[in-house]
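Visitor: Take a look at the letters that make up each chain.
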Amino acid sequence: MSFISLLWVLLLGSLLGLELIGKVPPTLHTPLMSGANAISGITMLAALTLIVKAEGNVPLLIIGSVSLGFALFNVVGGFFVTDRMLAMFSRKPSNKK
Amino acid sequence: MNLPVIIKFVIDLLAVLLLALGIKGLSKVKSARDANRLAAFAMSLSVVGLLSYYLGTSGIAIQSWIWIIIGSTIGSLFGTILAKKVPMTSMPETVALFNGCGGMSSLLVALGVAIFPISNSVENLDFFKSLINEVSISVSIFVGAITFTGSIVAMAKLQGWLSTPGWTQSKVRHFVNIVFAVASLIAFFDLINGNTSSIWLLVIVSSLLGIGVTLPIGGADMPVVISLLNSYSGIAAAAAGFVVDSQLLIVAGAMVGAAGLILTQVMCKGMNRSLVSVLFGGSLSAQSTASSGSGEYTNITSCSVEECALTLEAANKVIIVPGYGLAVAQAQHTLREVTKKLEQNGIEVVYAIHPVAGRMPGHMNVLLAEADVPYEQLKEMDVVNPDFPATDVVLVLGANDVVNPQAKNDSSSPLYGMPVLDVQEARTVFVIKRGMSAGYSGIKNDLFDLPNTSMVFGDAKKVLNDLIGELKDLGVGEK
Numbered sequence: 078m079s080f081i082s083l084l085w086v087l088l089l090g091s092l093l094g095l096e097l098i099g100k101v102p103p104t105l106h107t108p109l110m111s112g113a114n115a116i117s118g119i120t121m122l123a124a125l126t127l128i129v130k131a132e133g134n135v136p137l138l139i140i141g142s143v144s145l146g147f148a149l150f151n152v153v154g155g156f157f158v159t160d161r162m163l164a165m166f167s168r169k170p171s172n173k174k
Numbered sequence: 004m005n006l007p008v009i010i011k012f013v014i015d016l017l018a019v020l021l022l023a024l025g026i027k028g029l030s031k032v033k034s035a036r037d038a039n040r041l042a043a044f045a046m047s048l049s050v051v052g053l054l055s056y057y058l059g060t061s062g063i064a065i066q067s068w069i070w071i072i073i074g075s076t077i078g079s080l081f082g083t084i085l086a087k088k089v090p091m092t093s094m095p096e097t098v099a100l101f102n103g104c105g106g107m108s109s110l111l112v113a114l115g116v117a118i119f120p121i122s123n124s125v126e127n128l129d130f131f132k133s134l135i136n137e138v139s140i141s142v143s144i145f146v147g148a149i150t151f152t153g154s155i156v157a158m159a160k161l162q163g164w165l166s167t168p169g170w171t172q173s174k175v176r177h178f179v180n181i182v183f184a185v186a187s188l189i190a191f192f193d194l195i196n197g198n199t200s201s202i203w204l205l206v207i208v209s210s211l212l213g214i215g216v217t218l219p220i221g222g223a224d225m226p227v228v229i230s231l232l233n234s235y236s237g238i239a240a241a242a243a244g245f246v247v248d249s250q251l252l253i254v255a256g257a258m259v260g261a262a263g264l265i266l267t268q269v270m271c272k273g274m275n276r277s278l279v280s281v282l283f284g285g286s287l288s289a290q291s292t293a294s295s296g297s298g299e300y301t302n303i304t305s306c307s308v309e310e311c312a313l314t315l316e317a318a319n320k321v322i323i324v325p326g327y328g329l330a331v332a333q334a335q336h337t338l339r340e341v342t343k344k345l346e347q348n349g350i351e352v353v354y355a356i357h358p359v360a361g362r363m364p365g366h367m368n369v370l371l372a373e374a375d376v377p378y379e380q381l382k383e384m385d386v387v388n389p390d391f392p393a394t395d396v397v398l399v400l401g402a403n404d405v406v407n408p409q410a411k412n413d414s415s416s417p418l419y420g421m422p423v424l425d426v427q428e429a430r431t432v433f434v435i436k437r438g439m440s441a442g443y444s445g446i447k448n449d450l451f452d453l454p455n456t457s458m459v460f461g462d463a464k465k466v467l468n469d470l471i472g473e474l475k476d477l478g479v480g481e482k
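The listed protein sequences correspond, in order, to chains A and B. Note that the first sequence covers residues 78 to 174 in the numbering used here. Note that the second sequence covers residues 4 to 482 in the numbering used here.
In case anyone wonders, no lab produced these hints; they're calculated from the structure. Glycine is no exception: its CB is placed at the ideal position from the N, C-alpha and C atoms. Mixed in with the good hints, there may be bad ones.
[To be verified] Okay, derived cross-link-like pairs now, EDC-like style, lysine to aspartate or glutamate, Cα gap no bigger than 16 Å in a straight line:
hint, chain 1, residue 1, chain 2, residue 2
1, B, Lys87, B, Glu373
2, B, Lys411, B, Asp425
3, B, Lys320, B, Glu351
4, B, Lys88, A, Asp160
5, B, Lys31, A, Asp160
6, B, Lys343, B, Glu379
7, B, Lys33, B, Glu379
8, B, Lys27, B, Asp37
9, B, Lys447, B, Asp413
10, B, Lys27, A, Glu132
11, B, Lys475, B, Glu309
12, B, Lys31, A, Glu96
13, B, Lys272, B, Asp385
14, B, Lys87, A, Asp160
15, B, Lys33, A, Asp160
16, B, Lys465, B, Glu340
17, B, Lys411, B, Glu428
18, B, Lys320, B, Glu346
[Claimed, not checked] Not close to chain A: a few residues of chain B, all C-beta gaps over 12 Å, as computed:
hint, residue
19, Gly163
20, Val175
21, Ile471
Please model the entire structure based on the sequences and the hints provided.
Guide: Below, the structure is given as structure tokens:
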């Protein structure tokens, strides 16, 4: 992948992000922030790449593993906590009476 | 193109699509929960895509598997435990912590690649290519470090572990931060010039910069900062994407980065603050106490819980205005009991939610939802404002600046122009508050001086408990 096409990817990704978040009710700002935060843990893919390409270099393996741990802490925790918040909205109607 | 490349391409494309749909779905109440799961599914799909690609091409060594399993098990385990255990009221600091760890991850990846260049970057001795590599590593380290230390400081301040040191409110902090910023810039260019040892300088000064920028910011502005740092962690992920040549990482990172910026903007608007003044203005209370609005109260009416209960019993329509104080006192469940009693008596109860009520936009909705308040009873500011003149009683619980009429009437007030709830239009307003201290803007609230406002002093939870007792004595809510 050439650098220029990666820049295009960056640009289009940013525009997509701006467009997607356009109109969100304030109710959902906290869950959205938390969910988007979980997605930013996508660096786990970079950490995985690092580990796979380490080729037996132990310090690099350790760095990759720690990095993967931090990323997954972000991803797994982020999605669970978002789900917990959203569960509170969705169970409302059934509980009403 | 061989098969593994095609498979990975298809999976990545699918993952991006699902992530975009996930973020989109998160913006509607109905679809939000499914959308969150969809995004989680897309993330796991992307991992499968990456692993199968390496299995199909270079293969994955046993040793790599071991470290993958160790890292992912520990990270997921702690993440799950924290996510399940943390109380809903500490949501802002939890998001800050998760976010900081995401930044740390990007930082470590870049650091790893910088110290031990991975195979594909060594092969490319092309000057342009290696320059791009250096730049993306530096950006990833810089943004990752700021995200990490900034988020950790934000979390510590919200938890009350860290206070705002005095010197950070003086002009000295700008000087200190400029020194850090310049030092990072020097390290940045030194690194690009091929001096790898300056990487540690970059790590240290950008970490210090993250601390230096976040530390002076007051607790009330912290959600804005967290949202901004959330955006940074997206940028850090995108930069890490350049480091390891992954389009998926770049797209996802850019989406989160852009989304975080929009959300930050929305939060600033709701608080009537500009992003610049949040970042460089220091704590708001420090500025404004000296300037305007620090006048004395002249006409405070204080009343007992009993009077409050009597007035509530006679009401037809009650609007509750919950705020930060309610969240701090964790009184949302007690509040729900009070409103249940009122509803059983045929009184119409509605909750007026200011866009920045609670500790983050939307945080109050989450807290009330946790206490089983029906979603339809939560009304947004623009919807509820015309209702106040026809309302008998307004209960203000731990909210202050968002009900200050100064924002509409007094053009010299720092609050002027901020959207507020027009509670003073109601027949009677009860303000439940611990004392006469100002809200986080540090500005006098004219509402408290109005003849139709009565203050009920006490901790929100205790007052509400007493209120339940009084209502019981009056026979409200008994069949």
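Visitor: Now tell me, hint by hint, if it's right for this structure.
Guide: Hint check:
About 14 Å separates the Cα atoms of lysine 87 of chain B and glutamate 373 of chain B, which keeps this hinted pair within 16 Å; it holds. Proximity of lysine 411 of chain B to aspartate 425 of chain B is assessed by CA-CA distance (about 9 Å); at most 16 Å being required, the pair is judged to hold. Between lysine 320 of chain B and glutamate 351 of chain B, the direct Cα distance comes to roughly 5 Å. Compliance with the 16 Å bound is thereby established for this hinted pair. For the hint pairing lysine 88 of chain B with aspartate 160 of chain A, the CA-to-CA distance comes to about 13 Å; that is within 16 Å, so the pair holds.
Distance hint between lysine 31 of chain B and aspartate 160 of chain A is fulfilled; the C-alpha atoms sit about 14 Å from each other, no more than 16 Å. At most 16 Å may separate the alpha-carbon atoms for a hinted pair to count; lysine 343 of chain B and glutamate 379 of chain B meet this at roughly 15 Å. With a C-alpha separation of about 13 Å, the suggested pair lysine 33 of chain B and glutamate 379 of chain B falls inside the 16 Å cut-off, and the hint holds. Taking the CA atoms of lysine 27 of chain B and aspartate 37 of chain B, the gap is near 11 Å; set against the 16 Å cutoff, the hint holds.
Pair hint lysine 447 of chain B plus aspartate 413 of chain B holds up; C-alpha atoms about 12 Å apart against a cutoff of 16 Å. Distance hint between lysine 27 of chain B and glutamate 132 of chain A is unfulfilled; the C-alpha atoms sit about 39 Å from each other, more than 16 Å. Our distance criterion of 16 Å between C-alpha atoms is met by lysine 475 of chain B and glutamate 309 of chain B, whose separation comes to about 11 Å. Restraint check for lysine 31 of chain B and glutamate 96 of chain A: the C-alpha separation of about 15 Å stays at or below 16 Å, so the hint holds.
A distance of roughly 14 Å separates the Cα atoms of lysine 272 of chain B and aspartate 385 of chain B; the hinted pair therefore holds under the 16 Å criterion. For the hint pairing lysine 87 of chain B with aspartate 160 of chain A, the CA-to-CA distance comes to about 10 Å; that is within 16 Å, so the pair holds. In summary, the hint linking lysine 33 of chain B to aspartate 160 of chain A is supported, as the alpha carbons are separated by about 13 Å, within the 16 Å threshold. Proximity of lysine 465 of chain B to glutamate 340 of chain B is assessed by CA-CA distance (about 13 Å); at most 16 Å being required, the pair is judged to hold.
Between lysine 411 of chain B and glutamate 428 of chain B the alpha-carbon distance is near 13 Å, which keeps this suggested pair within the 16 Å criterion. At most 16 Å may separate the alpha-carbon atoms for a hinted pair to count; lysine 320 of chain B and glutamate 346 of chain B meet this at roughly 10 Å. Glycine 163 of chain B, annotated as away from the interface, keeps every beta carbon of chain A farther than 12 Å; the closest lies near 20 Å. With 12 Å as the threshold on Cβ separation, the claim that valine 175 of chain B sits away from chain A holds: the shortest Cβ distance comes to roughly 32 Å.
The beta carbon of isoleucine 471 of chain B sits about 20 Å from the closest Cβ of chain A, which is more than 12 Å, so the claim that it is off the interface holds.
Comparing the model with each numbered hint stated earlier shows that hint 10 is the single one that does not hold.
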